[in-house]
Structure formats: structure tokens, C-alpha cells
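J.: If you want the building blocks of each chain, they are given just below.
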Amino acid sequence: MDVPTLESLNLIVTWPAVGLGLWACVLLLLDLFVPKEDKFATAFLAEVAVILCFALNFRLFRLKPERMEAFGGMYVADGFTTFVNMVVLVAVFIGILLSFEYLRRAGIQRGEYYPLLLISAGGAMLMAAGRDLVILFVGLELLSIPLYIMAGLRHRTSRASEESAIKYFLLGAFSSAFLVYGVALIYGATGSTNIGEIAGAVKAGVLASGAPLDSLLLALGAGMVLVGLGFKIAVAPFHMWTPDVYQGAPTSVTAYMSVVAKVGGFAGLVRLFATAFPAIGGVAYWQTGAAVLAGLTMIVGNVAALAQSDIKRMLAYSSIAHAGYLMMGVAASATPVVREDAVNAALFYLLAYAFTNLGAFAVAIAVERDDGAGTRIDDFAGLGKTRPFLALAMALFMFSLTGIPPTAGMVGKFLLFRAAVQADLVWLALVGLVTSLFSAFYYVRVIVKMYLEEGAAQAQPVRSYLGAAVALAALGTFIFGLLPFDPASLVQGVMLLVGG
Amino acid sequence: MENTPITLVTVVTFLPILGLLIVLFLDEKRADTIRWVTFGTAIVTFLVSVGMLIAFDPADPGLQMATYYNWIPTLGMSFHLAVDGLSVLLVMLTTFIMPIAVVISFDPIQARVKLYYAMLLLIETAMLGVFVAQDLFLFYIFWEFTLVPMYFLIGIWGAERRIYAAVKFFLYTMAGSLLMLLAILWMGANAGTFNMTALLDKLAGGELVYPDGAETLLFLGFAAAFAVKVPLWPFHSWLPDAHYEAPTAGSVILAGVLLKLGTYGFVRFNLPLFPQASKDLAPLVAVLAVIGIIYGAWVSYAQKDVKKLVAYSSVSHLGFVMLGIFALNAQGVQGGILQMVNHGLSTGALFVLVGVLYERRHTKLMSDFGGIWQVMPVFGTLSLIVVLSSMGLPGLNGFIGEFTILLGAMGSGFISGWFTVLAAAGVILAAVYLLFMFGKVYMGPVTHAENRRLPDLNWKEMLALVALVVMIFWIGLYPAPFFGVMDAAAGSLAQTFTVEAPVEAVAGRPVVPIPPVLALPGY
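Taken in order, these protein sequences are the chains called A and B.
Basically the numbering used here = 1-based index in the first sequence + 24.
Basically the numbering used here = 1-based index in the second sequence + 70.
Okay, chain A solo, but in the shape it has when bound (with noise of 0.2 Å):
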């Protein structure tokens, strides 16, 4: 076997997902000379290597390789993966922006906090450029780990914050048996773990060896796959556990596992989806099962978020919505003529998708009060008087998140809707529309409360910090939204390599 050599590694590609990973662990022992009482320091430091990792990252984008291989072709950093790097990069600095503040309002200034966002984030990076299996199941759990120890955060002092962890940790753990599985079953079938390889015995119907495939087999461990990542990703019915955590967790780290957790979970998923199952003549064949989860998704999360009277449950059943929307583009990207434009139209939604619901859950942070109190929605009462710039930003947010134009999220929907109508699937699309039409009761319902109800919303006095967060979310939200540029340039030549 021959010993790799250092350049043939090609490190270099890795190191935004790496290299923030291995600051954490710095980090980890520079917060031992921080205080106590003042964890700045460990914050100012994590975002600089966010915005270190952002440039590399960057520059790989710009770049616009055909592919960069790492690791013998375990890992790719291609438009794709880079994509998904700015995304997760933009989030974790909003997220850590928010997080600053309300970490210290609530008296849980930790500061192991930092790293494990950076360790989290470099997780969902990871899922996005592994072109292998195990890349995939290690990117999760880096993914998952940090964030079952960040939702019970607060135990000391919460409840609730205890049962999201250990809902969080045992269904996660539960959902990671289900893809370990898959990944096994989907060996057994191909012969391979490697995503290229298992393409091309999907197409050529038998493995290297010159077995026959074994499509059972295969189709079983797909399935189990799309079942634990569902888990991840909150798809309906796998989103049981989504409104609890969410309720429970800081809303700091709801904010942000609402966001890079679906970000991780969708670049995984498309990422082994659309290229290693490829269509053999007319259409993938497991488009119809993903386009049921997409409609069941987008109902139970839409009509389920009409009930709801706190913020932090309402946008998590919205965030379930919102898999469903994207999971729309995952069935989209079945059929082989869409592909291209499904997957563009999903990586626009989940960039759209970050900005505007770190910025809501950033303003549902100023509402908060110090001991968690202050999170139903008719504690927004009146907030247009009180606070005009928050209500006005939470407007945005909510407009996006109902699809009104000029926000990120209509360009987005926009995006998504029409790759499901090209590729034939206009039922799902109607799904998709009648939902939206729900989703506009309870999104309008916190502008009516802002705005349309007297009351004395008592924002906190918001920091400069937690402004900027709100600030850079709207800002965000409204000029991917606005300017008439073209979005899928940004996402242009995204296209994931299939490949042998």
C-alpha cells in the first residue's frame, strides 16, 4: 500500500472545516487565562478564526476548482462544499454575535461555549465536502456532540433545559444508530463507502468485484440513511423532538443548531442523494419518497405552527416547515435535468434560510427576559412603539419566512418552487403553496402583535453586539432579497462533481 504524501493530503482545501476545528481545541486551553466573569476574550477570538476561515474559504470559492481533493478523495471542496462553508461561516458569526450577550444576561457565561460552535460548525462543513460515507458519519456526530452538551446549558437553573439535552443527546444518538446503519447496509450492497464508487456501481448495476448489486440491499440502507439524517434535519415524522429542544435549549443555541444543524444535515444529504444515487434512465427512484417527506414535512410543520403561543416552539415548528421546503428541492433534484437547478435553488434556500431565522430568534433574544421568561408571542405585543428598529427587522424576518417579496426567502422559495414544477412535481408544489398560505397566520400574527396590538413590549436595552447580529441578519435577508443581481450566480458552477 502506498504511504500518501503530504502534498498529495492537499490540506490546504481542508482547513476551513479543519482549522476550526483544531482553534477550538486551542481556544479550549487560551479560555483558561480568560475570567470568569468576562468571557469576551474566547469570543472575540472564536470569531476571529471565523473570519480567518471565511477568507480562506472564500479565496477556495473564488477559485472555482474543478474539484480539490483531500485525503484521497474522502473529502472535496468543491463549489459546492465552499457554498455550504460561507453559509455555516456566516451563521456561527451571527450565532456567536448573539450569543455573547445572552449567554451573559443569563448567567451561563461559559467559556467552553465558543469552541464547541467552532467544533459543531466544523462538523456541518465536514458533511458537506465528504465524498465518503465515514466522512459523513464523523462530520454528524462533530455536528451533534457539541450540541447536545450546549442545549443543557442552563440545566442548573432550567428544567427544561435538562429534558432538551437529554431528549436532544437520546434520539440523536437514536438517529445515528439509523445512519450507521444505512452505511453499512449500503457497504454491504455497493462494496464501497466512497460516494463516487457507489455511483458507479449504482449505474453500471455491479460492484468492482464484479458482484452483482444487490438493490435491496441498497435501497434498504438508503432508506435508513434518509431516516437518520430525517432525524437531523427534523423532517416529518422524524420531527418529534424538534419543539421541545428547541423550547428548552438557551435560545442562543437554538438559534444557531436550528440553522447549522439543518445546513449540516441538507449538504449531507443532497451531497449523497443527488450523486450517489444517481437516475438510471427517467428518474431517481427515490424521489417519490423523498417528495411524501417534503409534503408530510411542510403540512404537520405549517399546521402544527398555527397552535403554537411561544415564539421559540412557533419557529420551531416553522423550521420544520422549512425542511420541507427544502426537502422539496432534495426531490426536485431527482430528476436528472433539474438537478442542477434543484440543488442551486436548496443551497440559495438554506443561505436565505440562516440569515433570517438567526435574525428572528436574535430578536426573540432582546424580548427574553434574564430568567428565560418573555418568550410567548404576546410578549411582542406593542414592540413597533417601544422598539421600532427590532419590530422592523422582525418584520423583515417574518416576511421572508413567509415568502413576501423583497426578502431572501421569496427569491428562495421562488427558486425551490420552480425546480419542483420542472421537474413535474406540481402537486408537491401545490402542497407547498397551500402551506405557505398557512404559514402567513402565524408569521403575521407576531407582526399584528408588534405593530396592530397596544402593549408594552420590554425589550431588553440591546447591546451593540445582539444589534449587530439583528442588524447583519436583515441586512442579509433584505439584500439577497432586493438587489437585482443574479442569486444563482452566487451558487452558479456550485454544481457537485458525480463522479468515479
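Source of the hints: derived by calculation from the structure; they are not laboratory data.
Think of the CB as a built atom: it goes at the ideal place given N, C-alpha and C, for glycine as much as any other residue.
Treat the hints with care, as some may be off.
Claimed, not checked - With beta-carbon atoms standing in for the labels, derived distance ranges: (1) Leu330/A / Thr568/B: 46 to 52 Å; (2) Gly262/B / Gly247/A: 34 to 40 Å; (3) Tyr234/B / Ile304/A: 53 to 59 Å.
Following the hints, put chain B in place on chain A, whose structure we already have.
T.: Frame of chain A, contents of chain B only:
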């Protein structure tokens, strides 16, 4: 297509945004400055749009003053704004109504002034954008965006049940829009472009062929959005609530312009994109339109509240517009568009009247008034003109529109002559409820002591009403220039439907020549 530089159309569309930026930087406490900046912006926008009208060439049936920018070529989306004969009058209507809506808000709106005027300026750009957008995606953006400012206008500055009305307005309109979005997506996915010009070219060139049944479904998808907005019976139930709860300026904008987005949508998109479905479904639309005409008039008559009466009258009046459009001939379309303008002027004016009454007495019940003409003579006279115009009295604008529509409907090869007869009955019903209202509120003795010393119009109300009345007379007495502007475009649109229009279908009915009153120079 080549990218083209910015034209007057684009300037007119986005001028209100410029004013909005100024307003946003003004201090909330300087309410008067905010009011005047908004008013100034609306006036300047109007003046520039007059310049646009002067530059407009009536002989050209195609798009004019186009701004084209290849926005998202990979998705077939373009930033394409232009006017033609079908839309130029509606652009003018919008820029004309807006200063009026601004000036009548000066006194009644005292709370959250900055937000209010920001919303007015936003909705102006959104509405103008709908009229000039020549790309389905761009159109959809403007279309959906009109929802947001109107939602706030009703919800914040409205009457008691404002939240209910605002949410109902929002959800009803959005439900329709989503079906249209699906149809737009289908068009874009199958034609590879969202640009209207390119779509029509592909349709004419046979590059875009609808599969069996698809044309009807697509027609219905678009129609869902437009029918709610018009509103066509039975999709009208949001309208009375929205009108009733909205502040005066909100009602004026709603009646004056916003409802026309729906009727305009039918003319701009449904007719040219789905000619066969338009022919097939014309009788259905005509049935709904005629039901709306009669039902709206009937319900208006039953109202005790002036504002509700005016609100329901819109359902009736817009039934006429729809009937004219789906006559599918040049006269019908021209009458329809002119009647859109007329309805904007007269019903806008009616809402101003209601606002004037409400400002003085804080009630809108007819029984609380009586003998107002004695107390406020100037107001009474202007009101009479407005009411007569809305009724369709010859010599005033409403008559010209309704007459042309009935003429078009009678000569149509696609809908039965009975519709014309029934619609004509609607004209009489309009006279019934409007004169009933006028009698109760304005005539007779002063029955309530509070009404004895009401001040007559102030200069702002006077300015608004006089401007409207001037237009009412102008269109009523000399409509030729208005027809002249849209003649070429309406003729070219109607040609789509005349190719195989069977002459036998109109046999037994003489081909009606253009009546002398319309055949003035320039026509």
C-alpha cells in the same frame, strides 16, 4: 434583448422610493415636514408621469419607453418596465390619486405619521410597478409587495375591527396570489423565460404550446389572483371589511387603484397569454360579473352605513369592467379600461366624501345625517356631481365607460346579449341606491342638532374633490384623448380574438357603429 437605459417609466415608478428615503431620515416629531415631503413627492411623480404621457406615442400599439435589463438570464428573468396603451392610463390614475390620498390624510392621521407616509409612498411604487412590469417574476414581486403597505395601512390606522380586516385582506389576497405563482412557475419552466414579450413571441411562433387542458388551468391560476383582487363575485367578501375599516386614504387607494390591479391583470396577462381559454371561459366570467353587478347594487341598497354602501358599490362597478374586458373586443376592452379609471375617480371621490363626513361627526350612519347640503353648500354640490358620476349620468365620466362597455358586450361574439340587458339593469340599481343615499344624507331638513353648524370644506378637502371633479367632467365631456391613447393597443389586443370570430355569432344583431358622442376628433 439588449439592455436599455433608464426611461421615464422607471423614473416614475421609483420616484416615490426617493421620497421614502427622505421621509425615513426625518424626525418623527416634524410631522408637517413629513407630510409636505410626501405630498411633494407625490406631486413630482405626477408631473413626471405627465411628461411620460406627453412622450407617449398613441399610434404605437406596442410597449414604449422600455427599460430592459437582463436580470437573471439563467432563469429567464428580466427587469423589464414599459408602458403601452393598456397601462398608461392606469399609471396616470395612480399618480393622480396619490397626491389626493396624501393631502386628505393631513388632518385625520396624527399617530405614527412617519410610518404612515412611508407606507403611502411604498404602495405607490408597488402599484406603479404592477402596471409597468413586463416580466412575470418582476410582476409577481410588485404584486405581492402591494400587500404589505396596505396591510399596515388598514391594520394600524383603521377603525375598530381593523386587525380582523387587515388579516382577512392579507390572507385572501395571498391565497389567490399563490395559485398565480404556480401558474407563473409553470410558464417559466416550460417557456424558459418569464419575459412577457418573449412569452408572447414564443406563443405566436408556436414554440410554446400548451398541453391539453393546461391552458384552462393556467388561465384559472392567474384568474384566482386577479378575481380576488377585483373582486369578482363570489371572491369579494374581504373587500367590504377592508374598505370599511381602512382609513380614508386607504379606502381611496384601495378603490382608486388597488382593485384595478386585478382587472388590469386580466387584460395584461389572461387575455393575450391564454386566448383560447379566454374565449372558452368568457361566458363564465360574464356570469360572475353580472351577478356581481346586481348583487353588489342590491347589497349596497341594504346598507345603513355610507361607507359600507360605497364599498359594496365597488363590487357592482367592477362587474361592469369585467364584463367589458371579457367582451373580448376593442370596444369592450377600451370601455373596461376607461371604466377602471372612472371608478378610481368616482369611487375614490365617494370615499373622500365619506371621510369628510366622518371627520366632522365621527359617524358614518346615514340616519345620523340629513340636510347636509344646507349646512355645507359647497360640499353638497361637489357631492352631487360625484354621486351622479358614479351613477353614470350622461355628460359625466361614468356614462362614457359604462356605455362603451355595454356597447362592446352587445357586439361581442363570445358572450350572450342577455348579459348586456342584465348589466344595464345594474345601471338603474346604481341610481336607486346612490340617490337613496344622497336623499338621506344631503336632502331634507336638518334632523340632528349636531349637524347644524358643521364647517364646510377646508382647502385640503376642496383641493382633492375639485381635482377629482375636474377629471370627472373632462372624461364625461371630451373622452376622445383617453380613447385615443389606448386605441391602438386595445385594437391590437382585440385582433387576437377576431381572427376566427364567427360573423354568424353576431348575426341578427346589427354591428353597432361607434356612436357620435365617442367619434370625436382624435378617435
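J.: Hint by hint, say whether it matches the structure.
T.: Results for each hint:
no.	hint	in the structure
1	Leu330/A / Thr568/B: 46 to 52 Å	holds (50 Å)
2	Gly262/B / Gly247/A: 34 to 40 Å	holds (36 Å)
3	Tyr234/B / Ile304/A: 53 to 59 Å	holds (55 Å)
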